[in-house]
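J.: If you read the sequences in order, they're chains A and B. Counting in the numbering used here, the first sequence tops out at residue 417, every number present. Counting in the numbering used here, the second sequence tops out at residue 1417, every number present.
Honestly, the hints are just simulated from the structure, not real lab data. Owing to the predicted nature of the structure, the values given are computational and were not obtained by experimental measurement. Hints may contain errors.
In silico negatives: residues of chain B with every beta carbon more than 10 Å from chain A [as the list claims (entries may be wrong)]: (1) E1077; (2) Q1084; (3) A1156; (4) A1189; (5) D1217; (6) T1220; (7) D1240; (8) A1251; (9) E1307; (10) E1405.
Straight-line Cα separation of at most 20 Å, EDC-like style, residue types lysine to aspartate or glutamate; simulated pairs [said to hold, decoys possible]: (11) K1113(B) <-> E306(A); (12) K270(A) <-> E376(A); (13) K1016(B) <-> D348(A); (14) K113(A) <-> E1376(B); (15) K16(A) <-> D324(A); (16) K14(A) <-> E1358(B); (17) K1014(B) <-> E405(A); (18) K78(A) <-> D348(A); (19) K1113(B) <-> E358(A); (20) K16(A) <-> E1376(B); (21) K113(A) <-> D1353(B); (22) K78(A) <-> D94(A); (23) K113(A) <-> E1358(B); (24) K246(A) <-> D348(A); (25) K1113(B) <-> D353(A); (26) K16(A) <-> E184(A).
Per the computed footprint, the stretches of chain A lying under chain B, defined by three or more beta-carbons under 8 Å from a beta-carbon of chain B, are [said to hold, decoys possible]: (27) 217 to 228; (28) 346 to 360; (29) 375 to 385; (30) 388 to 402; (31) 406 to 414.
The C-beta atom is built at its ideal place from N, Cα and C for all residues, glycine as well.
The residues making up each chain are set out below.
2 protein chains.
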Amino acid sequence: MTTVATSVADLAQKVKAAAPHVAALSTGEKNQALRLVAQELVAATEEILLANAEDIARVEAEGVVATVIDRLRLTPEKIAAMAQGLEQVADLADPVGEITAQWTRPNGLSFTKIRVPLGVVGVIYENRPNVTSDAFGLCFKAGNAAFLRGSSGAFASNMALAKVIRRGLQQAGITPDAMVLVEETSREAAVTFMQQRGTIDCLIPRGGPSLIQSILDHATVPYVIDGDGNCHIYVDQDADLAMATKILVNAKMQRPSVCNAAESLVVHQKVAEQFLPLVVDALNGVTLVGDAAAQRISPSIGPAAEEDFGKEFLDLKISIKIVDELSAAIAHINTYGTGHSEAIITADQTAADRFTQEIDAAAVVVNASTRFVDGEEFGFGAEIGISTQKLHARGPMGLPQLTTEKYIIHGTGQTRS
Amino acid sequence: MTTVATSVADLAQKVKAAAPHVAALSTGEKNQALRLVAQELVAATEEILLANAEDIARVEAEGVVATVIDRLRLTPEKIAAMAQGLEQVADLADPVGEITAQWTRPNGLSFTKIRVPLGVVGVIYENRPNVTSDAFGLCFKAGNAAFLRGSSGAFASNMALAKVIRRGLQQAGITPDAMVLVEETSREAAVTFMQQRGTIDCLIPRGGPSLIQSILDHATVPYVIDGDGNCHIYVDQDADLAMATKILVNAKMQRPSVCNAAESLVVHQKVAEQFLPLVVDALNGVTLVGDAAAQRISPSIGPAAEEDFGKEFLDLKISIKIVDELSAAIAHINTYGTGHSEAIITADQTAADRFTQEIDAAAVVVNASTRFVDGEEFGFGAEIGISTQKLHARGPMGLPQLTTEKYIIHGTGQTRS
């Protein structure tokens, strides 16, 4: 009988063995395989939908909430979009082989720093089954084998998608182990997965705070945290208030459930009296909670608990803080922010410069919506996530962030004295 | 009564509060402070030596081995070298503020990617007290506050050094909390230290396998592993054997206790008969252990256990493996290596290219000694360590590796549609 631990470890060995083969593929071979897998996904629409229906029926019976079921539900359009996503990745520039630095030392040694695949990229993700093909595509294009572990809710869908992707790889003459999905969806399997040190070269968790905490507690493999976005919009005393209103509505309301949506509004006291009524009008349908100063200005603003300022609502709710100067805004944001995306609305260049310099976040935005902080909007073509950590990658992660570098040193017999 | 945990956490708050001040310093201010601290170190030679004598007396009484005592012992020359090291760091280019990418999107948003300090860099290190000033200097020049935790053996020396460094900072008008040393040297303090998530932006361990394991088991802060170097020299069938001998002697014998020293020799069978007798002669005083094929060639080669091939001896000992082709050499090295530095000696360009492409290590060297893999020899001026991981930094880490990047986005009111 195989235990969960040995079954995950066995799969790890397979994907590890496949990694050098993926790394050695040419750009053309990778692109051709991505296009074949895309065709295969569309051709297998019925097979995938059947598996998905099984998942939907099961989670519905379990009484899972509607928004989760929506994320889980696949349609022919969604499958076509997954296929198109793979074709787009095929069109992106291959980061592998890029020479990022080159120099020669006085002793004649010549140094080349070159971009190479990481090896095996692990991804742990929650319900959305499209991550199975998206993550595979990006990892593969960057020359990596993909080791995936989805959630129990999407078990049948992910299994079907993995089967189709592996079939496409095989048709392209590539080892199907370039993409391995862990079938076990238990917590034990997740913990074993994040401890495959020596196999997983980089682990990317795509999920909520409990997954992140589990990574911090248990992971022994290197990881990049795709964390929460408690994003702020700071409206400075010199802000164009019409612009501020428009940006705030976009950042809060366009898609409240995503990490680059605004969760908190910080307003300079000099414009608070004038601006907050505009906010109350414009954020129609949004629950507003604020500090005492904000509440004094508008009865539509309820009291904010201390913890509200640190919360990623992911919902039609926003916290409001009034500050008496720019430095208080910066201090507030650096205290409660999660290092994702923070915006200032101001016509004052000096204030903008101080804000962009002193705010400690992946992206600092001046006079635009925080919603622009993602790989597509950055022009990266696609993203595997948005890093809120400072090491390796910060902000939207595209293909180059799925690689590492290597030094190659050429000599003519040099020894060190 | 304060516990170890609260005392470490209190220090963490101090260093965290200092970090924005360090980040805001100009290059000139940082360089002036480094030079003042250097002067202060030399001026305090007597004070430091007195503290060091206390450490030496204590560890001698404890019966610690001579090599450890050697590393611990300070002299006026060593203190002068520490001061000179800080002056050299002052002379290095400041990585902070470098614009690493810049572009504009069709919607008019302008993107700037800029190099910024990490914030707080933590370093846990073993006996060498010079790390106290070296680590401070590099962290500080890159705009970071340094949070240091030395070993119990060097307790008094480190305390004295920290006091002198903090005095120098104060003279330069900079908060002394730009460098904070944890006084507690217990294991509990080390674990608490590596769990200061939210304070330590990057932890760099400088120590042996047990420290690394403790980091893997307990750290919740981001870290960069400065790991073992089980470095190989592969002598190809087309190697110039005189060159190979010279390089092997340098890589093995010049300084056997360092991570870029060679620990294993891999030889193509076509040249083994001719080469191994040269090796036996040249590596006079080195214990040779090899596989059956190597032992058949020379009676001076003892049997190697399986584990010898995976071991970083850090001593005058080397393992020898005979392979029947290049791909077997690559497979052997990728199995037993630690991803540090691997060398091939060959006149065959095709073999060299395959080796540099397929070996999975931070540095791959052709026809030169692995001993060149360090920050000084790379031309980085100084290094805080050599990363054997693939994320964030790989290979020698200089000042840029002690920074992160931030995106600054300027708009004119753009919202996402």
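J.: Look at each hint and say if it fits the structure.
T.: Hint-by-hint comparison with the structure:
Every CB of chain A is more than 10 Å from the CB of E1077(B) (nearest about 20 Å), matching its label as outside the interface. Residue-level check passed: Q1084(B) sits 20 Å from the nearest beta carbon of chain A, beyond 10 Å. Consistency note on A1156(B): stated as away from chain A, and its beta-carbon is indeed over 10 Å from all of that chain's, at 33 Å minimum. Chain A leaves A1189(B) outside its interface by the beta-carbon criterion, the shortest separation being 20 Å against a cut-off of 10 Å.
Interface exclusion of D1217(B) from chain A breaks down, the closest Cβ pair being 8 Å apart, not more than 10 Å. For T1220(B), the requirement that its beta carbon stay farther than 10 Å from each beta carbon of chain A is not met, with the minimum near 5 Å. Once the 10 Å rule is applied to beta carbons, D1240(B) is inconsistent with being away from chain A; the minimum gap is 7 Å. Annotated as non-interface, A1251(B) brings its C-beta within 10 Å of a C-beta of chain A; the closest such distance is 8 Å.
Listed as a non-interface residue, E1307(B) keeps its Cβ farther than 10 Å from every Cβ of chain A; the least gap is roughly 16 Å. Some Cβ of chain A comes within 10 Å of the Cβ of E1405(B); the nearest lies about 6 Å off, and the non-interface call is violated. A C-alpha spacing of about 33 Å is found between K1113(B) and E306(A), which places the hinted pair above 20 Å, so the restraint is violated. Of the supplied pair hints, the one linking K270(A) and E376(A) is violated, its CA atoms being roughly 36 Å apart against a limit of 20 Å.
For the hint pairing K1016(B) with D348(A), the CA-to-CA distance comes to about 29 Å; that exceeds 20 Å, so the pair is violated. A threshold of 20 Å between alpha carbons decides the hint, and for K113(A) with E1376(B) the separation of about 16 Å falls inside it, so the pair holds. Simply put, K16(A) and D324(A) have alpha-carbon atoms about 56 Å apart, too far for the 20 Å limit, and the pair is violated. Proposed proximity of K14(A) and E1358(B) is supported: the alpha carbons are some 18 Å apart, at most 20 Å.
Note on K1014(B) and E405(A): the hinted pairing is violated, with a Cα-Cα distance of about 35 Å set against a maximum of 20 Å. Using a Cα cut-off of 20 Å, the hinted pair K78(A) and D348(A) is violated, with the two alpha carbons roughly 44 Å apart. Restraint check: the Cα-Cα separation between K1113(B) and E358(A) comes to about 15 Å, which is no more than 20 Å; the hinted pair holds. A threshold of 20 Å between alpha carbons decides the hint, and for K16(A) with E1376(B) the separation of about 34 Å lies outside it, so the pair is violated.
Only pairs whose Cα atoms come within 20 Å are accepted, and K113(A) paired with D1353(B) is accepted, the gap being roughly 14 Å. At most 20 Å may separate the alpha-carbon atoms for a hinted pair to count; K78(A) and D94(A) exceed this at roughly 26 Å. With a C-alpha separation of about 15 Å, the suggested pair K113(A) and E1358(B) falls inside the 20 Å cut-off, and the hint holds. Restraint check for K246(A) and D348(A): the C-alpha separation of about 18 Å stays at or below 20 Å, so the hint holds.
A distance of roughly 14 Å separates the Cα atoms of K1113(B) and D353(A); the hinted pair therefore holds under the 20 Å criterion. A threshold of 20 Å between alpha carbons decides the hint, and for K16(A) with E184(A) the separation of about 18 Å falls inside it, so the pair holds. As drawn, the segment 217 to 228 of chain A meets chain B at 4 residues by the rule of a beta-carbon pair under 8 Å; at three or more, the given contact holds. With 5 residues having a beta carbon nearer than 8 Å to a beta carbon of chain B, the segment 346 to 360 of chain A meets the requirement of three or more and the stated coverage holds.
Under a criterion of three residues with beta carbons nearer than 8 Å to beta carbons of chain B, the stated coverage of the segment 375 to 385 of chain A is upheld, 3 such residues being counted. Remark: the segment 388 to 402 of chain A is confirmed as covered by chain B, as 6 of its residues place a Cβ nearer than 8 Å to a Cβ of that chain, reaching the required three. Evaluation of the coverage hint for the segment 406 to 414 of chain A: fulfilled, as 9 residues show C-beta separations to chain B shorter than 8 Å, against a requirement of three.
The structure fails hints 5, 6, 7, 8, 10, 11, 12, 13, 15, 17, 18, 20 and 22 (numbered hints given earlier, in ascending order).
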